[in-house]
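Q: Based on the hints, put chain X in the right spot on chain V.
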Amino acid sequence: MVISADLITGILSFLFTLLILSYLIGDNPLFRIAIYIFVGASSGYIASVAWWQVIWPRLVSPLMFGSMLEKGLLLIPLIGSILIFMKVSPRLAGMGRIAMAYIVGVGAAVTIAGALSGTLMPQVMGTINAFDLVAAAGRNIEAVEVVFNGALILAGTVFTLIYFHFGARPQADGSMKRFRLIEILSWGGHIFIGITLGAIFAGVYAAALTALIERIASLINFIGNFL
Amino acid sequence: MRVFTAVIAIAAGILILGGYFLQGLFPALADVQTLLLNWAIILVGAATLVGIFNLISVHTDKVRRREKGSTYSAILVICLVVTLLLGMILRPDHSAMEIVMNGIILPSEAALMGLLTISLLYAAIRLLRRRTDLMSIIFLITAAFLIFSFATLPFANIPALGTVGRWVTQVLALGGARGILIGVALGTLTTGLRVLFGADRPYGGN
Chain V
42 MVISADLITG ILSFLFTLLI LSYLIGDNPL FRIAIYIFVG ASSGYIASVA WWQVIWPRLV
102 SPLMFGSMLE KGLLLIPLIG SILIFMKVSP RLAGMGRIAM AYIVGVGAAV TIAGALSGTL
162 MPQVMGTINA FDLVAAAGRN IEAVEVVFNG ALILAGTVFT LIYFHFGARP QADGSMKRFR
222 LIEILSWGGH IFIGITLGAI FAGVYAAALT ALIERIASLI NFIGNFL
Chain X
1323 MRVFTAVIAI AAGILILGGY FLQGLFPALA DVQTLLLNWA IILVGAATLV GIFNLISVHT
1383 DKVRRREKGS TYSAILVICL VVTLLLGMIL RPDHSAMEIV MNGIILPSEA ALMGLLTISL
1443 LYAAIRLLRR RTDLMSIIFL ITAAFLIFSF ATLPFANIPA LGTVGRWVTQ VLALGGARGI
1503 LIGVALGTLT TGLRVLFGAD RPYGGN
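Sequence order for the protein chains is V and X. The first sequence begins at 42 in this note's numbering and counts up one residue at a time. The second sequence begins at 1323 in this note's numbering and counts up one residue at a time.
Excised from the complex, chain X in its bound form:
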């Protein structure tokens, strides 16, 4: 089984990569790639449903065992099942599902994002109190400066602030961001290649 799963992962990966980089030499690889990607999309969809069933199962178990917080788990399961049934019967573009999306999901996401304002401010203050090194000071000065340089100030508008702020983001921050992005891409590349060489088997093949 271990060899079989590794062969499947490596073969699927190589064929997909071939479709990206060798379709000029072998045009048929593009069709194979499309077919394999379509299969993968279907399997990811099925895996999403399994994930949701797992969520239901975990919280149902909590309710059954009357664990701490089981009332919240019961609320979660009821809401999940009701939304799922509505979505399955009426389809996601039905007006009832739009109410769920515009009345519950989007306002909650926006409000949670809003809460981040307070959390980030608190984290920044804690950082200054707990770790006062060069990195923290540069980090906080840059953040504070950029927030003030791009904000519409009620008392005065200082054009030089905006110009310096743009230079900081478009030159200094861009250089660092490029380094981080290239580092992340190199790490991703290495991880992907390790999977394709069979050195890493995160699908349970040891």
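Same shape as in the complex, but just chain V:
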């Protein structure tokens, strides 16, 4: 008798959903077993993906079958990889710093470019474009509404940024205090942050609820197939 891959997947899926949802009645050994299996399987999967989709096609395969130029250029990452693997041994771990420094340097540069072109500029432009009356007229939105909403968005952005301004000056009695204006505006930021975090919470909660409903539906469907 040959058991199909779909049946094995279905049984495993049913079992792991049940074991993990057993946490609802409290922390228990079955939940822990499922979690440790999940972490082990995920780590093994990630390691095999790292090997077959990064190390093999970008390093090992070109080193074995590539041109002389490719092989020459890959000597540096090969040495870097060997240095990183030295971190496994406590005696040689220091050598891995060279490769780690390279990764950190590249990561910092990519992060700076990403923060500038991916977050800072688009968010600033988005705040400015909220006042775009021409684009709003194209969508049949009244100018008053655009200006009002744009002003609220601008106020939310500025007040929230001010909330995180912690610069203070010493007072005559020795205590530190922020400027009164900053204090007032940061109170407005307080409200906007509360609303934003509430909206994020609602989004995450809706996603979690959807996942729970999907899992419960999968359990019912699985049992239903055998009835």
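By construction, these hints were calculated from the structure, which means they are not laboratory data. Idealized CB from N, CA, C, for every residue including glycine.
From the structure, some residues in chain V lie toward chain X, with a derived Cβ separation under 8 Å: (1) Ile87; (2) Asn190; (3) His231.
A: Relative to chain V, chain X alone:
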């Protein structure tokens, strides 16, 4: 060694940044950037494998010392090694690996996400009991209002709720989110620049 690692980090960072912002002036920088990024991807892949080996080593030590919870560690190591061997021999796109992905990893992630429903609800109730200030009240009212305004209610569908809910998310929450995002981007920028100036050396250069 400290100076050498700092020089490597700064030089790699500056060349990559040059590739982003100066490739109009120096077209060759784009090729250099691609090469350096390819090297970095390889090194990150190697670092991932080292991380996995470290996980195996930590849990194997726990099993060897018979520490509390060593049975769970043994389960973790066995599952990790079996999945790793399967993945290495059969490749990640093999049907056996698909069973691991669709039978263990995805259902577990979805079920854990589902558990979050209860945890978040519990956290919200605790927040109201422990810290009843303006921020908490605004936070909970907004969250509850948005959940109800976007949910499909069985007894009635109130169009005004959806309209106000959309306005709250697209205007009020957007303003706050923009402020937070710009703040995060400014912080990221500062941290990145501190690394490139050598003021911060998180790679172990003090």
